[in-house]
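Chains F and W, in that order, are what the protein sequence lines are. Taking the working numbering, the leading residue of the first sequence gets 1, the next gets one more, and so forth. Taking the working numbering, the leading residue of the second sequence gets 271, the next gets one more, and so forth.
What the hints contain is simulated information worked out from the structure, not anything from laboratory work. There's no promise every hint is true.
Stated by the list, open to error - Straight-line Cα separation of at most 30 Å, BS3-like style, residue types lysine-lysine; simulated pairs:
#1 W/386 to F/29
#2 W/340 to W/379
#3 W/340 to W/384
#4 W/363 to F/29
#5 W/340 to F/29
#6 W/379 to F/29
#7 F/175 to F/100
#8 W/384 to F/29
To be verified - Residues from chain W that keep clear of chain F, each with C-beta distances beyond 10 Å, as calculated:
#9 283
#10 296
#11 304
#12 334
#13 337
#14 350
#15 356
#16 357
#17 364
#18 376
#19 390
What the hints assert, rightly or not - Only part of the chain W face toward chain F is listed, based on derived beta-carbon distances under 10 Å:
#20 287
#21 313
#22 378
Since we're looking at a predicted model, the values are computed, not measured. Cβ coordinates follow ideal geometry from the N, Cα and C atoms, glycine included.
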Amino acid sequence: MHRYPHWPFHVTLSTICALMLVPFIWVLKTSLTGENIFTYPPSVLPQDPHLFYYVDVWYTIPFFRYLVNSFLVSLIVVVANIVFNAMAGYALTREFIGKKAIIILFLSCMMIPFQVTIIPAYLITKELGLLNTHLGMALPVMSTIVCIFVFKASFDAVPRSLIDAARIDGLPDWKIIFKVMVPLSQSAIATNIILAFIWSWNNFLWPLVIIRDQHMQTLPLGLSRFLTVVEDTTGALYAFCIMVLIPGLVIFLLAQRQFIAGLTTGAAKG
Amino acid sequence: MLKSIFINRYTMTFTVTIVVALLWNLFILFNDSGILSGRVVDRNNQPVADARVVLSEKTLLVTAPRDEVKTDQNGYFRFEGHRLYHLYLEAMKGDARSSSSREVRLYFKGQNKKLKEPLVLGSDR
């Protein structure tokens, strides 16, 4: 078998990776120097770097409060996504009348942007008395269709005989889901955690609509508030971006292997 | 089995984060008395006694004075108990000599700091 040399691919891929990292490195550099983005010629390495813009961010707005709010909402969203999506995904692996119609309905709903449903979502949240609460902020993203299909693809890969054996042993459906299927679907869980966390973490519009109390705001709302109170925003704004970015980045890096496996489960089936 | 539960990249990452945060807060606890000290000299590097040193805070619109002390015989000054993290220092003497406003940035509110460079009276504003 003829083998091609690997180095041209590695060089090409490394170059592409470096190019894709440029914006991130630029943000990081500006957060450490406050350098004007129009400075010419641009410097690759930061000149006189310091961390004072991060201090400005920490004290100018109640950053820790916003951080806690964002974490609480993301925690609720992640837990709810795993529980509800696992249940929905398991249901879609079973045979029942109207299954295809439900799948088509789910896929159709994915095409409706959230902005279209925001008024009914607001009214429902209001009726539930969840305006201005963490649970209210989490409510619309507590189950997402993409993640339901990730679980479905993962559950489809579990041998049918295993489920039958569990059933013969007398396990009810909910125990089959959480004691048999979910432990075998670590990559789907990782995908759910990462996607749910990032969607919740970056969510701006929904918290903007339902939050009235300043102390209930999340980080994306804090960013908009920050822009209104800081005069010279360049360095501090970029520092804020880095501080918002880090938690999502850490979670993605920790679970990236399972995340990729989760997204590709079932891709080569058959 | 226990090792794999407690020593993995997830637990290690979060443990290290918590430990670093705790150590940083401990450091703050012992270094946030708001002590800011330094020295005022003239152009000939001679200490200036009895000079006024004004500590100001820059707000969104103006620089507002927050505290004021006088230097001792050796030109040393010392502020205590301020709760600022971004401040300005300016030294003045009765005969209208004044130093340029020195920007001082701190890593947390009330961080203790000793200025390495003295404030120079009569320097350009």
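Evaluation of the provided hints:
1. W/386 to F/29: With a Cα-Cα distance of about 27 Å, the restraint between residue 386 of chain W and residue 29 of chain F holds, given a limit of 30 Å.
2. W/340 to W/379: holds (23 Å)
3. W/340 to W/384: holds (16 Å)
4. W/363 to F/29: Distance ~41 Å between residue 363 of chain W and residue 29 of chain F Cα, so the pair is violated.
5. W/340 to F/29: Not OK: residue 340 of chain W and residue 29 of chain F at ~40 Å, beyond 30 Å, violated.
6. W/379 to F/29: Between residue 379 of chain W and residue 29 of chain F the Cα gap is close to 25 Å, so the pair holds against 30 Å.
7. F/175 to F/100: Holds - the C-alpha atoms of residue 100 of chain F and residue 175 of chain F are around 25 Å apart, at most 30 Å.
8. W/384 to F/29: holds (28 Å)
9. 283: Since the minimum Cβ distance to chain F is about 6 Å, residue 283 of chain W lies within 10 Å and the statement is violated.
10. 296: It holds; residue 296 of chain W is separated from chain F by about 17 Å at its closest Cβ, greater than 10 Å.
11. 304: holds (15 Å)
12. 334: holds (15 Å)
13. 337: holds (18 Å)
14. 350: holds (20 Å)
15. 356: violated (7 Å)
16. 357: Correct as stated: the minimum Cβ-Cβ distance to chain F is 12 Å, above 10 Å.
17. 364: holds (34 Å)
18. 376: violated (7 Å)
19. 390: Holds, because the least Cβ-Cβ distance between residue 390 of chain W and chain F comes to about 22 Å, which exceeds 10 Å.
20. 287: Check passed: Cβ of residue 287 of chain W comes within 8 Å of chain F, closer than 10 Å.
21. 313: violated (27 Å)
22. 378: holds (7 Å)
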